[in-house]
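2 protein chains.
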Amino acid sequence: MTKTAAIIGGGVIGGGWLARFLLNGWDVNLFDPDPEAKRKINAVLGNARRSLPMLYDVALPDEGKLTICDTVEAAVKTADWVQESVPERLDIKHKVFAQIEAFAPHDAVIGSSTSGFKPSELQEGMKRPDAVMVTHPFNPVYLLPLIEVVPSPKTSADMVTKAKAILTSLGMYPLHVRKEIDAHIADRFLEAVWREGLWLIKDGIATTQEIDDAIRYGFGLRWAQMGLFETYRIAGGEAGMKHFIAQFGPCLKWPWTKLMDVPELTPELTDMIADQSDTQSGDLSIRELERLRDDNLVAMMRALKGQDSAAGALINAHQAQIAPKMTPDFTKPIQSADRMIPVDWTDYNGHMNESRYAEAFSEAVDFVMGSVGADAAYIASGFSYFTVDLSCRYLAEAHAGQRITIESQIILGEGKKLKVHHRMLSQDGVLLATGDHFMLHVSLKTRRTCDPEPEVMKRIEIAAKAHAALPDPRGERG
Amino acid sequence: MTKTAAIIGGGVIGGGWLARFLLNGWDVNLFDPDPEAKRKINAVLGNARRSLPMLYDVALPDEGKLTICDTVEAAVKTADWVQESVPERLDIKHKVFAQIEAFAPHDAVIGSSTSGFKPSELQEGMKRPDAVMVTHPFNPVYLLPLIEVVPSPKTSADMVTKAKAILTSLGMYPLHVRKEIDAHIADRFLEAVWREGLWLIKDGIATTQEIDDAIRYGFGLRWAQMGLFETYRIAGGEAGMKHFIAQFGPCLKWPWTKLMDVPELTPELTDMIADQSDTQSGDLSIRELERLRDDNLVAMMRALKGQDSAAGALINAHQAQIAPKMTPDFTKPIQSADRMIPVDWTDYNGHMNESRYAEAFSEAVDFVMGSVGADAAYIASGFSYFTVDLSCRYLAEAHAGQRITIESQIILGEGKKLKVHHRMLSQDGVLLATGDHFMLHVSLKTRRTCDPEPEVMKRIEIAAKAHAALPDPRGERG
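Residue numbers (the numbering used here), protein chains in the order written: chain A, 8 to 485; chain B, 8 to 485.
Treat the hints as calculated values from the structure; they're not laboratory data. Mixed in with the good hints there might be a few duds.
Which copy is meant is left open, so a pair is good if it fits within one copy or across any two.
[Unchecked claim] Derived pair list, reagent style DMTMM-like, types lysine to aspartate or glutamate, alpha-carbon separation capped at 20 Å:
1. K249 / E95
2. K209 / D285
3. K260 / D479
4. K452 / D354
5. K84 / E295
6. K209 / E275
7. K10 / D87
8. K265 / E80
9. K45 / D77
Looking at chain A on its own, in the form it has when it is part of the complex:
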C-alpha cells in the first residue's frame, strides 16, 4: 500500500525531503504556513525531478500524490513518517512537536531535520517521546544519501530500526549516531571548518574563492569517496595508522589552526584509533586501498571532466595543451586516437565494455572532423555532423590500462555525406575492433541536413580523394 509522509516546513531542506519521498512513490502531505511555500517547493521539486532519476539505470517508482494541507493535523493524521524542518529555534520546534504528537498515528516515525539540537531537547515536555529522533539530512536532500539518525534514551529502539529501514528503502544511508551530542557528527566537522575559514578571511590570508579551490582541488576529492581516517591509513603506508598518528601527533600542539582546544593523544587514544581503523579497513592491504582510492578518483575526475567543471576543467585545459596538433596529411589514414583505456570503461566481464569502443570511435571521428576543418569553432558557428549509423565489430578483448590507437580512413566525402572507417589497434599492433561511421552534415539551428560550408567541403574532397587512393581497409572485415 502507498505510504504517506508528512512534511512540516517546506524550505530547501523540507522540500528536499518531500522530493525524496514523492519520487520514491510515497504520497506526501505538506504543511507550511509560508504563502510562498508552493513556489519554493516547486523549485526544489523541479531540481529533484531532473536529477534524482539520473542516478539510476532503471526507472524510479511512479510519483506519489502531493497534498498541501492547511493544518499540522491534516498533514500528519494519516502519516507513516513525519519530518519536521522548521527554523532552528527550540521554542518553535516544541510547539510543532506538541501538535504532531496530538494528531500523528502512534506508529509513525517522527524525525527532525535539526542541525544542532539533541533529540532529548526536542522531546522536552512530550507525552510520547518514543517515536521522536533526529533524522538529519544534507543539502541537496534529494541527491545526498547521508541521514544522521540520532535517538535519545527515550526513543524506542524499534522506532529507530523502522526508521532506518524506511530510509534505506528511499536510497538513503542511515548513520546511527549512538550517543546524542550537539550538532551530531558531520556538522561538528563543518562547524570546525567554518570557524577556521572565518579566521582565514578575517586575517586576510585567503578569500572565499581561494578557500573553495583549496578544498575542491585537493582533499575534497579524497573525501567524496573515502573519509578522513581511511585516507590517513593509506598515508601511514606500510607502517600503518600508528605511524601516521606518531608522525602528525606533535602538530596538535602547533598553531596549525586557531582552534587549539585539543584532546591529549594518549597511548590509549592512539590504540583506540588504530584498532577502529583495522576493523574498518583491515581486510584490504595498503596497496589495495591505494588502488581503490585511485580508481575512485580517476572515475570521479573523469566525471567532472565530462561536465568541464572543478578539477575536470583543469584536466580539459591540460589536455588541450598536450593534445596532438591536427596536421592534415592525407597520404595515409589519420591517426585519430592514441590513449589509455580508463577504469570507468570496463564492465562485469572484466574487459572494455562494447559501448566504450563506440565512445572511442566517436572521439576518433571528432578528430577526423577537426582535421578537415569541422572543429570546435566550426561547431560553435552552427554546423556539425550527426551520426546516422555506427557499426562496431569486436575482434579482441581490451582492458583498463591498455594503450590503444585508432586509424581512420575516409570512405566517402560527398556533399552532406561522410563515411569513415576506423581500425582500433593495441600497442603491439593487434586489430582489436573496427568501426564504421555514416554521418550527415547538419545545421545546428534547423537540426536538418545541409551541405558543409565551402572551406570544409573543399578539405573533405581533398581528403576523400587522397584516401580513395589507399587500399580499402574494409577488406579485413569479412
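Fit chain B to the known structure of chain A by using the hints.
Chain B alone, transformed into the frame defined by chain A:
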C-alpha cells in the same frame, strides 16, 4: 628541450612528485639515502603509470628518464626544478637546503613539500633564498591537482610566476597563498577536522568508520566539486550569503565543536565574506549554481556507481531493490529498459552522444540475457556472451532528462549464436534509434566460444521461437 626535476626525498610525497614530472616528459634525478628508496619509488610509480594517463583522452608525453643519484649535488646540478620532500623537521630541512643552494643552477625553482613550515622558516640562513618557496602537494600527488604555492617576502616574484607556469604545464593547479602562515590553507582545515575527530573518538561518540561515512556520504561529495563558501551561498538561497551567515552566525557561540576559539562575526567580516562570495560566484544565479552542483553530483555519483564504491555502492543496492523483476513473457518483445537519460550522456552537440545509445543497448541486452537465465549468477559461474557486432541506427535526437524505453526482440537463438534487435522509444512513442546485437556465448575461463549450459539453451530456444512468431521489427530499419 627536455627539462629536469631533482627530487630530494622519495617517500610517498616525493615519489608522487617524481611520477608527475616523469609522466609529463621531464627527466628526473632522485636523491634519497634510504636503501629502500628504489622499491618505494617503484610502488608509487606503478600506481601513477596506471592511473594518471587514464584521466586524459589523449596520450601523455613520452616518459622522461629517471636517474638515481648518490648525492644531492648530482641530483640538483642540472635541475630546472628542485623539490624537497624530506621529513618534517626544520633542522633536517635546513641541512638539505644548504646543499641544494650550493649546487643548484641559479634559475632553478626550489620548492618544499612541507605541510606546516612557513617559507621564511625554510629560508633561514640561506645565501640566496629568492628561489625558495613552499609548493605543497596533496596525496596522491600524481592525481590531485592542488599545489599551494607559498612565497615569503624574500622569494622572487619572477620565480613564483615561473613556478606557477611549470605547475600548470604538469596539469596541476597552483594556488598562490599570498600571506605565509603555519600549515598554509588546506592543512589548517584538515587539522581542525582531525582535532574534532580525535574528540569524537575519545568521547566514544563515533568510530573511525562512522566518521568516514559521515564525510563520504554527505559533505565530502559537495566538497569534491564546490567548496565551503559556494555550497553555503546556495544554502542561503535567494536571500543570499548574508542571510546564511545571519542564520548560522549564532552557532559560533554554541558547543557545535570542541574548538571554541572563534572570531567575532562583526558586520565588517560579514560584508567581507558576502563581497568575496559575490566576486567568486556572482555571475551565476542561485538556480544556475544549484544546477551546476546537481549535475556535478550526479556525474560523480554515477562514476562511483560504476566502481560500486562509496555512495555509488548505495545507489547500486537501491537500484537492485527497485529494478523490475524479470518475468519472462515472450509473447511480445522484452521491455529491456525504462530509464532517464543522465547528464553525463550528452555531448557538445547538446544531445545524447552516439556511444550512449550503444551503452543503453548494451544494458538492454544484459536484461535480455537475464530473462533467459544468463544472469549475474550465470556469469559468476564462468559463462557469458561477448558481442561480435553492434550496429546502431540513429533516427532522432534525445536529451538529458528524457525518459526512454527499449523493446528487444530475439532474432536468432541457435547454439552459441544470439541475435537481438532493439528499438529505443521516447515516452511519447517516437522511435529514437534501433540497435542490432550479434553475440556469441563464451567460457570466461578459456575466453573462447562454447554452447550455453542446457538450462539457458532451453530458455533461449523457447524465447527465440516465441519471438519468431512476432512481426520482424527490422522492417522499419530501411
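Right, here's what the structure says about each hint:
| no. | hint | in the structure |
| --- | --- | --- |
| 1 | K249 / E95 | between (40 Å within a copy, 17 Å between copies) |
| 2 | K209 / D285 | between (40 Å within a copy, 17 Å between copies) |
| 3 | K260 / D479 | neither (73 Å within a copy, 77 Å between copies) |
| 4 | K452 / D354 | between (37 Å within a copy, 16 Å between copies) |
| 5 | K84 / E295 | neither (52 Å within a copy, 38 Å between copies) |
| 6 | K209 / E275 | between (37 Å within a copy, 9 Å between copies) |
| 7 | K10 / D87 | within (6 Å within a copy, 67 Å between copies) |
| 8 | K265 / E80 | neither (48 Å within a copy, 40 Å between copies) |
| 9 | K45 / D77 | within (12 Å within a copy, 72 Å between copies) |
The structure fails hints 3, 5, 8 (numbered hints given earlier, in ascending order).
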